[in-house]
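**Q** Taken in order, these protein sequences are the chains called W and H. Residue 222 in UniProt numbering sits at position 222 of the first sequence; the count goes up by one each step and never skips. Residue 311 in UniProt numbering sits at position 311 of the second sequence; the count goes up by one each step and never skips.
In short, the hints are calculated from the structure, not lab data. Please note: incorrect hints may appear among the correct ones.
One copy or two, it doesn't matter: identical chains are merged, so the pair holds either way.
Here are the computed lysine to aspartate or glutamate pairs in the DMTMM-like style, where the Cα-Cα straight-line distance is at most 25 Å [claimed, not checked]: (1) 162 - 296; (2) 69 - 232; (3) 254 - 322; (4) 254 - 296; (5) 162 - 212; (6) 254 - 272; (7) 244 - 272; (8) 254 - 274; (9) 207 - 134; (10) 40 - 107; (11) 277 - 221; (12) 129 - 353; (13) 227 - 272; (14) 303 - 117; (15) 163 - 328; (16) 15 - 221; (17) 244 - 274; (18) 254 - 157.
There are 2 protein chains.
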Amino acid sequence: MEKKNINSVEEVKNKQVILRDYVTGHPKESDFYISTSTIKLQIPPGSNAVLVKTLFFSVDPVMQFHMRKVQHQHLDGYQYYTPGSPINGFGVAKVVDSGDPNFGVGDLVWGTIGWEEYSLIQQPQQLFKIQHTDVPLSFYTGILGMAGITAYSAVYEVSIPKKGDRIFVTAASGAVGQLIGQYCKLMGCYVVGSACSQEKVDLLKNKLGFDDAFNYKQEPDFHAALKRYFPEGIDICYEQVGGKMLDAVLGIMKVHGCITSCGMISQYNIAEPETLKNVMQIVVRRLTVKGFTHRDHHHLYPKLLDTVLPYIRGEKVVYVEDIVEGLENGPSAIVGLFSGRNFGKQVLVVSHE
Amino acid sequence: MEKKNINSVEEVKNKQVILRDYVTGHPKESDFYISTSTIKLQIPPGSNAVLVKTLFFSVDPVMQFHMRKVQHQHLDGYQYYTPGSPINGFGVAKVVDSGDPNFGVGDLVWGTIGWEEYSLIQQPQQLFKIQHTDVPLSFYTGILGMAGITAYSAVYEVSIPKKGDRIFVTAASGAVGQLIGQYCKLMGCYVVGSACSQEKVDLLKNKLGFDDAFNYKQEPDFHAALKRYFPEGIDICYEQVGGKMLDAVLGIMKVHGCITSCGMISQYNIAEPETLKNVMQIVVRRLTVKGFTHRDHHHLYPKLLDTVLPYIRGEKVVYVEDIVEGLENGPSAIVGLFSGRNFGKQVLVVSHE
Chain W
1 MEKKNINSVE
11 EVKNKQVILR
21 DYVTGHPKES
31 DFYISTSTIK
41 LQIPPGSNAV
51 LVKTLFFSVD
61 PVMQFHMRKV
71 QHQHLDGYQY
81 YTPGSPINGF
91 GVAKVVDSGD
101 PNFGVGDLVW
111 GTIGWEEYSL
121 IQQPQQLFKI
131 QHTDVPLSFY
141 TGILGMAGIT
151 AYSAVYEVSI
161 PKKGDRIFVT
171 AASGAVGQLI
181 GQYCKLMGCY
191 VVGSACSQEK
201 VDLLKNKLGF
211 DDAFNYKQEP
221 DFHAALKRYF
231 PEGIDICYEQ
241 VGGKMLDAVL
251 GIMKVHGCIT
261 SCGMISQYNI
271 AEPETLKNVM
281 QIVVRRLTVK
291 GFTHRDHHHL
301 YPKLLDTVLP
311 YIRGEKVVYV
321 EDIVEGLENG
331 PSAIVGLFSG
341 RNFGKQVLVV
351 SHE
Chain H
1 MEKKNINSVE
11 EVKNKQVILR
21 DYVTGHPKES
31 DFYISTSTIK
41 LQIPPGSNAV
51 LVKTLFFSVD
61 PVMQFHMRKV
71 QHQHLDGYQY
81 YTPGSPINGF
91 GVAKVVDSGD
101 PNFGVGDLVW
111 GTIGWEEYSL
121 IQQPQQLFKI
131 QHTDVPLSFY
141 TGILGMAGIT
151 AYSAVYEVSI
161 PKKGDRIFVT
171 AASGAVGQLI
181 GQYCKLMGCY
191 VVGSACSQEK
201 VDLLKNKLGF
211 DDAFNYKQEP
221 DFHAALKRYF
231 PEGIDICYEQ
241 VGGKMLDAVL
251 GIMKVHGCIT
261 SCGMISQYNI
271 AEPETLKNVM
281 QIVVRRLTVK
291 GFTHRDHHHL
301 YPKLLDTVLP
311 YIRGEKVVYV
321 EDIVEGLENG
331 PSAIVGLFSG
341 RNFGKQVLVV
351 SHE
């Protein structure tokens, strides 16, 4: 790459989403503000960093952990937020300048990126280079991104279902749940999902091919609801909700069943965790309960592409995105996740090219 | 076997431990009574049953589940108790008469047997024939019986530790815990146990070779206690207590750690299960929590004998028994389990030969 004189480098405005202060309960829009700084479109001389122009951001429930003062030290690899600085998260971007020989100008990448129009990535080794552009680029925030690794590893690595297994998926219309359900259907399972509105239930049943689905907000008794769909019990539950829902699931599992959990969204923002009464069922029913995150499964990404790209191209899998335009609408998109406002995977568009 | 005329068969007195009525809370001595009936020392003509003279009974916490009216249907293979009839449990006995070609008169067996001096076993296929009598016969109620299968399968099948792993064993001086701890030591692990008295702590440290041990009754803060012994966290916890102890364990596990549980004794007799606050740590720390019982692992028994008999003969493993004499003292031995009165594996001697 031709070296330019640093003084002649173009300087542009750079809109950013800034964390105002550490967040304790539910994040609110006022916990963030939009700021505009300037940035030179070149990496610092001698740096190995990569400068990118951001295109899409993935809006994820887990982001709210990064807003807290008391941090989960066990969640290694996380980039916690600093008040007064831009937040970050998974996103798709185009390389503008690069000090890393693995990335050239114009390359498309996905990985952890600051929530700003242009972002300097100091650790480009965490970026994935995007090789397949015949599918929507936004898919690299979801089905081909972090949520995609989560769903793929859940079904194809952590708890592999057998044909005919009776599967329950919670948060089933979300970024991860919709994929888990569809992958299980492709494996010949009976799949039921729970969601928080009739519209989402219709989506699961009519568009995503779930065998059945229910709106948990209309179920006063989760145990009774699950009993209706699983009179003989659940073989595998892919669980992302926690609390009362997890407790009901524990009470309805088959002997030797498995609960695989990559999140407990109902527990993220409450002062005291909900009481679980059925924990002893783990012993009574000889269950296996596994917690996992995508971070343990990044090595599976080539396998994921081999499996999932043909599913996308062959329309075997549908991926529902809820797309919001404009970085300035990011805080509202984050907040909406916790009331279930999003309809499918929440994506934020910063720029279309 | 010579066929005797049924009328000439010896009839003997048969002392029995009878369940008075279903039990709801802690079992009390008054929930049982001793009764003496008579029994003919011959199986009914044409029967495939086996008649045994009982020698030792295993006194197990799990027995109290069988006393309840509301039963755990998922605990398949259990023989629930009927008020007015003898209770049952694992025991060692000598065959007096047999309609099963696999068992001959004089054979020693262990398996599920009625709590009575002589017991007719209608399903002899569940009995194990005792082949090795150079070790104490009472060991077939423990280290070579059900508790033995539980401990062996925990360490050698369900959650196999690696050399150097940091292991926590709860209820560590009990029938199962003392074996798990010693097996883990033989595998080169660092092992800490918890127990309910200083005497038991001394046993663990001085006789059973645990690296350390603590009396949980003297620890107001389980989290702080565990932090002292496991500043870098626990790799595997073999857990039998549940409730507050399990909750503290969840908060101190290493990332990718495993909790293996074959019981939750603290939760068996309380009206409302204790609240667990750290369930979300299963996701945060990517833990695996496995419930299991010996019943899934009976096929491992030949391997257990291959491994454990040499350990016993070579004095590589110590097995501490708390031996009570006399069937009439059975109810008191059962009740004592729940206050931790037993010192090691609780055995009840009915007859020495």
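**Q** Could you run down the list of hints and mark each one as holding or not?
**A** These are the hints, each one checked on the structure:
1. Taking CA atoms no more than 25 Å apart as the test, residue 162 paired with residue 296 passes in both settings, with 23 Å inside one copy and 20 Å between copies.
2. With identical chains, the CA atoms of residue 69 and residue 232 are at most 25 Å apart between copies only, with a shortest distance of 22 Å across copies and 44 Å within one.
3. In this homomeric assembly, residue 254 and residue 322 never come within 25 Å of each other (Cα to Cα): the closest approach is 35 Å inside a single copy and 37 Å across copies.
4. For the identical chains of this complex, residue 254 and residue 296 are inter-copy neighbours only, at 14 Å across copies versus 27 Å inside a copy, given an alpha-carbon limit of 25 Å.
5. In this homomeric assembly, residue 162 and residue 212 come within 25 Å of each other (Cα to Cα) only inside a single copy, at 19 Å, whereas the closest approach across copies is 43 Å.
6. For a Cα distance limit of 25 Å, the shortest separation of residue 254 from residue 272 across copies, 23 Å, qualifies, whereas the shortest one inside one copy, 29 Å, does not.
7. Taking CA atoms no more than 25 Å apart as the test, residue 244 paired with residue 272 passes in both settings, with 13 Å inside one copy and 15 Å between copies.
8. With identical chains, the CA atoms of residue 254 and residue 274 are at most 25 Å apart both within one copy (23 Å) and between copies (23 Å).
9. When the C-alpha separation of residue 207 and residue 134 is checked against a cutoff of 25 Å, the pair qualifies only within one copy, where the shortest distance is 22 Å, while the shortest distance between copies is 68 Å.
10. Only within a single protomer do residue 40 and residue 107 lie at most 25 Å apart by alpha-carbon distance; the minimum there is 19 Å, versus 89 Å between protomers.
11. In this assembly of identical chains, residue 277 and residue 221 lie within 25 Å of each other by CA distance both inside one copy and across copies; the values are 14 Å within and 22 Å between.
12. In the homo-oligomer, the alpha carbons of residue 129 and residue 353 lie at most 25 Å apart inside one protomer (16 Å), although the nearest pairing across protomers, at 76 Å, exceeds that limit.
13. Only between protomers do residue 227 and residue 272 lie at most 25 Å apart by alpha-carbon distance; the minimum there is 22 Å, versus 28 Å within a single protomer.
14. In this homomeric assembly, residue 303 and residue 117 never come within 25 Å of each other (Cα to Cα): the closest approach is 31 Å inside a single copy and 63 Å across copies.
15. Proximity of residue 163 and residue 328 under a CA criterion of 25 Å is satisfied in neither setting, with 45 Å inside one chain copy and 53 Å between copies.
16. In the homo-oligomer, the alpha carbons of residue 15 and residue 221 never lie at most 25 Å apart, since the shortest distance is 46 Å inside one protomer and 48 Å across protomers.
17. For the homomeric pair residue 244 and residue 274, the shortest alpha-carbon distances inside one copy (7 Å) and between copies (15 Å) are both at most 25 Å.
18. Taking the closest pair of Cα atoms, residue 254 and residue 157 come within 25 Å of each other both inside a single copy (21 Å) and across two copies (21 Å).
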